[in-house]
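Colleague: The whole structure should be built from the sequences, with the hints applied where relevant.
Taken in order, these protein sequences are the chains called X and A. Take the first sequence: its position 129, counting from 1, is numbered 129 in my numbering, and each next residue is one higher. Take the second sequence: its position 212, counting from 1, is numbered 1212 in my numbering, and each next residue is one higher.
Because the hints were derived from the structure by calculation, they are not lab data. Note that the Cβ used here is the ideal one computed from N, Cα and C, for glycine as well. Each hint should be verified, as a subset may be incorrect.
[Claimed, not checked] To give a feel for the contact side, a few chain X residues facing chain A, derived at Cβ under 7 Å:
id	residue
1	D60
2	H110
3	L155
4	A157
5	M182
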Amino acid sequence: MSERTSRIGAAFDKARADGRALLVGCMPAGFPTVEGSIAAMKAMVAAGVDVIEVEIPYSDPVMDGPVIQRASDIALAGGVRTRDTLRVIEAVAATGAPVVTMTYWNPIEHYGVDAFARDLAAAGGTGLVTPDLIPEEAGEWLAASDAHGLDRTFLVAPSSTDQRLAMTAAHCRGFVYATAIMGVTGARSQTSQAAPVLVSRLREVTDLPVGVGLGVGTGAQAATVAGYADAVIVGSALIRCLLDASDEASGLAALRALSAELAEGVRQPDR
Amino acid sequence: MSADATKSEVPAQLPDAAGHFGTFGGRFVPEALVAALDELATAHQAAMADETFRDEFAGLLRQYAGTPSLLYEARRFSAQAGARVLLKREDLNHTGAHKVRNVLGQALLTRRMGKRRVIAETGAGQHGVATATAAALFDLECVVYMGQVDTERQALNVARMRMLGATVVPVTTGSRTLKDAMNEAMRDWVANVDETHYLIGTAAGPHPFPALVRDFVRGIGDEARAQCLELTGGLPDAVTACVGGGSNALGIFHAFTGDPQVRLYGFEAGGEGMGTGRHAASITGGSTGVLHGTRTFVLQDDDGQTRESHSISAGLDYPGVGPEHAWLHDTGRASYQPVTDAEAMAAFELLCRTEGIIPAIESAHALAGTLAIAPKLAAELGRQPTIVVNLSGRGDKDVHTAGEYFGILDKE
Chain X
1 MSERTSRIGA AFDKARADGR ALLVGCMPAG FPTVEGSIAA MKAMVAAGVD VIEVEIPYSD
61 PVMDGPVIQR ASDIALAGGV RTRDTLRVIE AVAATGAPVV TMTYWNPIEH YGVDAFARDL
121 AAAGGTGLVT PDLIPEEAGE WLAASDAHGL DRTFLVAPSS TDQRLAMTAA HCRGFVYATA
181 IMGVTGARSQ TSQAAPVLVS RLREVTDLPV GVGLGVGTGA QAATVAGYAD AVIVGSALIR
241 CLLDASDEAS GLAALRALSA ELAEGVRQPD R
Chain A
1001 MSADATKSEV PAQLPDAAGH FGTFGGRFVP EALVAALDEL ATAHQAAMAD ETFRDEFAGL
1061 LRQYAGTPSL LYEARRFSAQ AGARVLLKRE DLNHTGAHKV RNVLGQALLT RRMGKRRVIA
1121 ETGAGQHGVA TATAAALFDL ECVVYMGQVD TERQALNVAR MRMLGATVVP VTTGSRTLKD
1181 AMNEAMRDWV ANVDETHYLI GTAAGPHPFP ALVRDFVRGI GDEARAQCLE LTGGLPDAVT
1241 ACVGGGSNAL GIFHAFTGDP QVRLYGFEAG GEGMGTGRHA ASITGGSTGV LHGTRTFVLQ
1301 DDDGQTRESH SISAGLDYPG VGPEHAWLHD TGRASYQPVT DAEAMAAFEL LCRTEGIIPA
1361 IESAHALAGT LAIAPKLAAE LGRQPTIVVN LSGRGDKDVH TAGEYFGILD KE
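Modeller: Set out below in structure tokens:
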């Protein structure tokens, strides 16, 4: 199943050829508004973010820390719907940057798994990152992603056994998401020691690109992670640029500046 | 099977190895928790097969929790109900509810896994107090997550937990109630899973929690079944319980699931009425979905976002329900009906005045539901029915809420 062509594979191939990692920037759809989130994501692309990860806001995001939760709450309070998320994906995909979608499972199950896969593919999305769906529960999604040619990224963690790493990677298409620390999302002053170990364990069992997330907030950290990972995934630090800003213009300016710093980082991997 | 058997036969063993009850249950969790859930499932299986563990658990239940709890024939309440009502007096247990059974079992399991720290979520504070109690007894570090809204309306229970040595963390995210406390406990668990056990308060959450909580509380039904046979010479016509997450109901239902002549009724919190949308009846007023690691019935909007639940009873104020109840509903083995705040409070008052027992408002939902089904059951059977009601907790914690509801508090 995983041999099917990945929608995001070409971007990883090119980055590898250039001797660098991809920068994946995450932002909830509808935060601070639907239009505002599109503007933010386009600004990130313009400033050097390679891949946009659009998060579908969810009422109970157990894998996320306070920053993403706050942004999600703001988006939901603003009335964002799942179909708005598809509109955001379509608008951002039009820039030419690959757009992955991160979502907790219930909104997809409620939309209808096959219907969502169909609409996501039509909007130009590459696939889903599913933080609370493990392959054992993913039968419907495996079928729908095959039917509509979408990538699927499951998460692995430092606590995953070798057997589970292999099993999970075997169900991924596109890339594998390595959660670098045992904990929720959020920028940290130090990224984890466990991350390089986890990535090298993954390399033993899969040839798929590996994205590392959770905790990156500076260009230097991005360079460190780029030294061993194929993609550096940044969420909370980018979102905080908008949360902490006094107005939209200064928020976008801060977002552009951090995006550029991180983009610089992934181009200078510490190897 | 014959009605005079003293032990119920266990029906088809559920959940399956992956934690499914039919299409319900399972594990919808971050991968980071899978290793801990596997460890817990293995420890649970081994513990249940280990006679030493079972003996120690039974000893604690008997000597510390005060079980078996009485099965009491409530004659004056029965006269009002038009049924022979037998109350399973879980309110008499140490800490005042059935929940002590679950926390003692899980605390033993925590020790068996070599962990030193427990975390818990709590709504009204009952499960938090029970967990803090077990943590004190087993010398475990204890952190309880509680929505900020709840810490304010249940200040007394916050103080109780602190007296018992627990740290209470007010949760300020989302709706600041039980579901958010559960989110926060899950987050803590992901970050500290090596040394921490998440001592979940009801038969919900990812596998193996629904199965292991059920196993620790199923003594309620085993006792009630034997007591009913001894007291009446037969099985009851119906067994009733309130359902929030659903541990007390599963605890009393389970021994009877293999007795087809015994009807099982779960009463959900109908809040201000099903038509108002302000309720906590996940089965009768919700739809299937995934919440807190399991597929079950959930109160949710058209996009699968969790809706806030409403009930006068904090213990039933949860927008999901344990997956085994979803399955019992789906198969028709148990029947679920909503009971409004007003109906529950009328039954609360009736039990106070007829029996001198102040029930938990949660349990008052079971009493109200019993009053509602008794005449129908009598008509159907052509005789007075015998109904076992799980009086799952006592009402001390609800004195303020009930006092306000009935307008009997002196003005300050």
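Colleague: Evaluate each hint against the coordinates.
Modeller: Structure-based check of each hint:
1. Restraint check, D60 of chain X versus chain A: the minimum CB separation of about 5 Å is within 7 Å; hint holds.
2. Interface restraint check: H110 of chain X against chain A, minimum CB-CB distance 3 Å, threshold 7 Å, status holds.
3. With its C-beta approaching chain A no nearer than about 5 Å, L155 of chain X sits inside the 7 Å limit, and its interface hint holds.
4. Taking 7 Å as the C-beta cut-off, the interface hint given for A157 of chain X holds, the closest approach to chain A being about 4 Å.
5. A cut of 7 Å between beta carbons decides the hint on M182 of chain X: the least distance to chain A is about 6 Å, and the hint holds.
Consistency with the previously given hints is maintained throughout, with no hint failing.
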